[in-house]
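Protein chains in written order, with our numbering: chain B, 25 to 500; chain H, 132 to 623.
It should be emphasised that the hints constitute simulated quantities derived from the structure, not laboratory data. Beta carbons: idealized from backbone N, C-alpha and C, even for Gly. Careful, some of the hints might be misleading.
Stated by the list, open to error - Here chain H is said to cover these stretches of chain B; the calculated rule only asks that three of the stretch's residues, wherever they fall, bring their Cβ under 8 Å from a Cβ of chain H:
hint : segment
1    : 413-419
2    : 487-496
What the hints assert, rightly or not - Capping the alpha-carbon separation at 20 Å, the derived lysine to aspartate or glutamate pairs in DMTMM-like fashion look like this:
hint : chain 1 : residue 1 : chain 2 : residue 2
3    : B       : Lys170    : B       : Asp251
4    : B       : Lys170    : B       : Glu125
5    : B       : Lys170    : B       : Glu127
6    : H       : Lys294    : B       : Asp454
7    : B       : Lys377    : B       : Asp454
8    : B       : Lys457    : H       : Asp237
9    : B       : Lys377    : B       : Glu460
10   : B       : Lys377    : B       : Asp172
11   : B       : Lys457    : H       : Asp189
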Amino acid sequence: MSYAEYLAAIGPEIALTIAALLVMSIDALWPRSVRAIPWIGIAGLLVTLAMLPMFRAERVAFSGLLVIDPLAVLFKVIALISVILVALLSISHRPLRGFHEGEYHTLLLFFAVGLMFLVGAAHLLMIYLALEMVSLAAYLLTGHLKLDPRSSEAALKYYLFGALCSGLFLYGASILFGLTGTLHLDGIAEAVRASGLSAALLAALVLMLIGLGFKIAMVPFHLWAPDAYEGAPTPITALLSVASKAGGFAVLLRVLAVAFPLEALDWQPMLWVLCVVTMSLGNVIAVRQGNIKRLLAYSSIAQAGYVLVGVVLMRQTPAGLPSAMIYLIAYLFMNIGAFAVVIVVSNALGSDKIEDYRGLARRAPLASASLAVFLVSLTGIPPLAGFIGKFYLFAATIDAHAYWLAVIMGVNSVVAAFYYFRVVRAMYLDAGKSEEPIGTARPLQVAVGVTLLGTFVIGVWPQPFLLFAAALPLGF
Amino acid sequence: MPLLTITTFTPLVGLLLILLFVDGRRVNTVRWMGVIFSFLPLLLSAAIVAVHQPSNPDFQLVERLSWIPALGIEYHLGVDGISVPMVVLTALLSFVAALGSWNITDRAKEYWIFFLLLQVGMFGTFVSLDLFLFYVFWEIVLVPMYFLIGIWGGPRREYSAIKFFLFTLVGSVAMLIGFLAIYFAVEPHTFSIPVLLGRTGSLPHTLQSVVFLAIFLGFAIKVPVVPFHTWLPDAHVEAPTPISVILAGVLLKMGTYGFFRIGFPLLPEGARQWSFAFAVLGVIGIVYTAYVAMAQRDFKKLVAYSSVSHMGFVLLGMAGFTLVGFSGAYFMTVSHGVLSGAMFLCVGVLYDRTHTRDLDAFGGLMARMPIYGGMLILFSCGALGLPGLSGFVAEFLSLLGAFGRHPWLVGISVLGIVITAAFMLLMMRRVLMGPLNERWANLSDISARELWSLIPLAVATIALGVFPPLLMHITDPTLARMLGIIGFEVAP
Numbered sequence: 025m026s027y028a029e030y031l032a033a034i035g036p037e038i039a040l041t042i043a044a045l046l047v048m049s050i051d052a053l054w055p056r057s058v059r060a061i062p063w064i065g066i067a068g069l070l071v072t073l074a075m076l077p078m079f080r081a082e083r084v085a086f087s088g089l090l091v092i093d094p095l096a097v098l099f100k101v102i103a104l105i106s107v108i109l110v111a112l113l114s115i116s117h118r119p120l121r122g123f124h125e126g127e128y129h130t131l132l133l134f135f136a137v138g139l140m141f142l143v144g145a146a147h148l149l150m151i152y153l154a155l156e157m158v159s160l161a162a163y164l165l166t167g168h169l170k171l172d173p174r175s176s177e178a179a180l181k182y183y184l185f186g187a188l189c190s191g192l193f194l195y196g197a198s199i200l201f202g203l204t205g206t207l208h209l210d211g212i213a214e215a216v217r218a219s220g221l222s223a224a225l226l227a228a229l230v231l232m233l234i235g236l237g238f239k240i241a242m243v244p245f246h247l248w249a250p251d252a253y254e255g256a257p258t259p260i261t262a263l264l265s266v267a268s269k270a271g272g273f274a275v276l277l278r279v280l281a282v283a284f285p286l287e288a289l290d291w292q293p294m295l296w297v298l299c300v301v302t303m304s305l306g307n308v309i310a311v312r313q314g315n316i317k318r319l320l321a322y323s324s325i326a327q328a329g330y331v332l333v334g335v336v337l338m339r340q341t342p343a344g345l346p347s348a349m350i351y352l353i354a355y356l357f358m359n360i361g362a363f364a365v366v367i368v369v370s371n372a373l374g375s376d377k378i379e380d381y382r383g384l385a386r387r388a389p390l391a392s393a394s395l396a397v398f399l400v401s402l403t404g405i406p407p408l409a410g411f412i413g414k415f416y417l418f419a420a421t422i423d424a425h426a427y428w429l430a431v432i433m434g435v436n437s438v439v440a441a442f443y444y445f446r447v448v449r450a451m452y453l454d455a456g457k458s459e460e461p462i463g464t465a466r467p468l469q470v471a472v473g474v475t476l477l478g479t480f481v482i483g484v485w486p487q488p489f490l491l492f493a494a495a496l497p498l499g500f
Numbered sequence: 132m133p134l135l136t137i138t139t140f141t142p143l144v145g146l147l148l149i150l151l152f153v154d155g156r157r158v159n160t161v162r163w164m165g166v167i168f169s170f171l172p173l174l175l176s177a178a179i180v181a182v183h184q185p186s187n188p189d190f191q192l193v194e195r196l197s198w199i200p201a202l203g204i205e206y207h208l209g210v211d212g213i214s215v216p217m218v219v220l221t222a223l224l225s226f227v228a229a230l231g232s233w234n235i236t237d238r239a240k241e242y243w244i245f246f247l248l249l250q251v252g253m254f255g256t257f258v259s260l261d262l263f264l265f266y267v268f269w270e271i272v273l274v275p276m277y278f279l280i281g282i283w284g285g286p287r288r289e290y291s292a293i294k295f296f297l298f299t300l301v302g303s304v305a306m307l308i309g310f311l312a313i314y315f316a317v318e319p320h321t322f323s324i325p326v327l328l329g330r331t332g333s334l335p336h337t338l339q340s341v342v343f344l345a346i347f348l349g350f351a352i353k354v355p356v357v358p359f360h361t362w363l364p365d366a367h368v369e370a371p372t373p374i375s376v377i378l379a380g381v382l383l384k385m386g387t388y389g390f391f392r393i394g395f396p397l398l399p400e401g402a403r404q405w406s407f408a409f410a411v412l413g414v415i416g417i418v419y420t421a422y423v424a425m426a427q428r429d430f431k432k433l434v435a436y437s438s439v440s441h442m443g444f445v446l447l448g449m450a451g452f453t454l455v456g457f458s459g460a461y462f463m464t465v466s467h468g469v470l471s472g473a474m475f476l477c478v479g480v481l482y483d484r485t486h487t488r489d490l491d492a493f494g495g496l497m498a499r500m501p502i503y504g505g506m507l508i509l510f511s512c513g514a515l516g517l518p519g520l521s522g523f524v525a526e527f528l529s530l531l532g533a534f535g536r537h538p539w540l541v542g543i544s545v546l547g548i549v550i551t552a553a554f555m556l557l558m559m560r561r562v563l564m565g566p567l568n569e570r571w572a573n574l575s576d577i578s579a580r581e582l583w584s585l586i587p588l589a590v591a592t593i594a595l596g597v598f599p600p601l602l603m604h605i606t607d608p609t610l611a612r613m614l615g616i617i618g619f620e621v622a623p
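Start from the sequences, fold in the hints, and give me the full structure.
Here is the structure:
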């Protein structure tokens, strides 16, 4: 492989790294141009996104460390769109304004770089390095508001949990290396097929699942999530709940689909239990939350449970993997959209309490209507994106004859409707104390507009998304 | 001309116009637009009736476009003898309810947006020929209804709104799982109802009977069938009058329509297997809720429970598997839509003037409000099954059609008719007869607007009662063919 080919494989990543370094230098050299920094970062992200179609040719690069395949490209698109939206949210989030913005946006860009490597990694060492890059940026971003004790507390909890879990992941990976003598996922698969099931193999799987389960906030490795989500700056909460989670799913999919052939080790029953527990516990606890960030935190745990349905079934039905991907895409738009409105409200009221949302429909009609749309979509009502995602997941369960999973998911959807509509009720049904109008900053308007558009387009015209997702191959 | 699409989405046009171009403070503009865009579908539905050929049981005015080919989902609309009357009923009651919404000035813009969105969902449900599309419209109804009850309802509106929403959602999810089970059971996979009609009958018996239960749950909650009816009294009592009219007149019919369109013809073996249980639930509904209605002091609750009781006849009639029974059950669907809508309007007229629904607080109103009294008597007699009015035809045919298969159940259900007559007559006595309660000495009689919203319903009640073929010549060819598909050949 020549250097030109190397560059061709990771062109977008290089571009984004340059953008990140640029932002960092501008911050250091021209401190007065701080207002321009976020926009330079967003421009860099947009350029990278525009480059992706040119760099989508399937290939294996760096002696098998990285693969560029449709799945990786799709995950890169998800990662970039969500980071762009988060950058937009960050510009207008009041506590972040003028507070070390250069560092913040540099970290955000490096987070995105790490994520892009993570979703294409096909080698355990590469996975670990990318995972750490993403995590370190995420810890720092969570604790960015260092004067706010809640932000620091959130970062500390997140970091301690994260360090433990990545240690366990590494331990699992090393056991796997000891068993198979290779770190390449496909090499591992061959060796595992040859050697068959052993206690050590099972231990390796469990340890790696813990590490990845932490990333996607899967129960019972979710304990960090509500505190971290509540304490982090709200745009970072959106980032953790969408981008970081998507990265975790990318690795989970690859590890399970490629490195652990079902015939050697049937991981489905274990994942089935984790999936059911994740969605049920997330939903049940969300019912009692009074803070909207915590509510969305538990809701996002439950949403990860839904995505896991597709992962559990990916070997049993051709609808499994596509349904998980469609759900992730839908979730990206509706969840970041919801956080955008949360920022609108917290900018104006300085509060994230659901009781302070009372009467919001009169004070901010457009923002309230948007949040209502996002919540209705999260509930899974047509013709919105969340419905298409849920519909496809239900289809996967029926096609795989996993009827119990379908019933459990159905019950969960109803429980979820209850708490999503608590917020809707506060906004529309309850009377507020004040009628003073609330304004929405321009970048937030853009973010809400884009996410609304995504929520409606996927809901009304899902055909292109379904076609693309259905064509995803994954090391079968 | 895509008549069905135009009918379905005309309210959406009105909605968008109001949403984008009208200032919410200009209440008068908003409500004029709302009423006009609720009236246009009525004209369009008349056009549908004019174009529809009753003697032809096939789907007509069919519109078919590819929508989500990746999953074989189509935008597929069409009507036959059982959808045309529903479209007309929806258009009529929507217009009547729109007139009844005239006095809503609080957050009027939002009100009309939700009201028009509700209409889109209702029309769409009755003209969809694709299970996916049907489900989409079915669910669209849910959200505006939640807001309409929750914002403009009575004191316990929040509770009632979410109860309605969650109950219906449970049913919808079960229904969706059922639809998917059908989809994956046939090759090639499809949601198209006309295609499925010929194929699903041969599906394995177990599959049919389980899927029937899942789909039954979805429709039964909407109808509602006892014991899934507990959301209804709450929702009805709290909802504002025009929304009660829509709820009783159209939304409940979505459930019975679902049995006619999907449950019975697509899963004939399931329907046959559960028919006895189906009939029993119907009879329990008829008798039990009639007793419950009798015990009510709240006028609106009485009407709500009598509503549930009447829907029992639909179940009983269908479980007979005869043309007479099907025809009667369908007749009940339409007749009850008209009558219950009218009854809720009557309750509303009184409530607007007195701000109470306590039956014991009235008395002697006939002297003060003779025209109103006449209307109330007409509709109550229709509901209690007086010959010459639509309710009688519906009850009689349902019972007659079910008698061959379930004679004992029919015998028990007659008890319900007696109780219904009793509580309706008692209600009329408490409201209209006796000495005039002095509190209401200055009560004004029904206004012209209120009267004109009742008159079309009165005409329909009498016309259907005196000349039932008016409706039956539209429905019976379709129902006869449907019975054939289920496996009960009938002479045309």
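Inset, instruction - Could you tell me which of the numbered hints above are not met by this structure, giving the numbers in increasing order? - result: Structure breaks hint 11 only.
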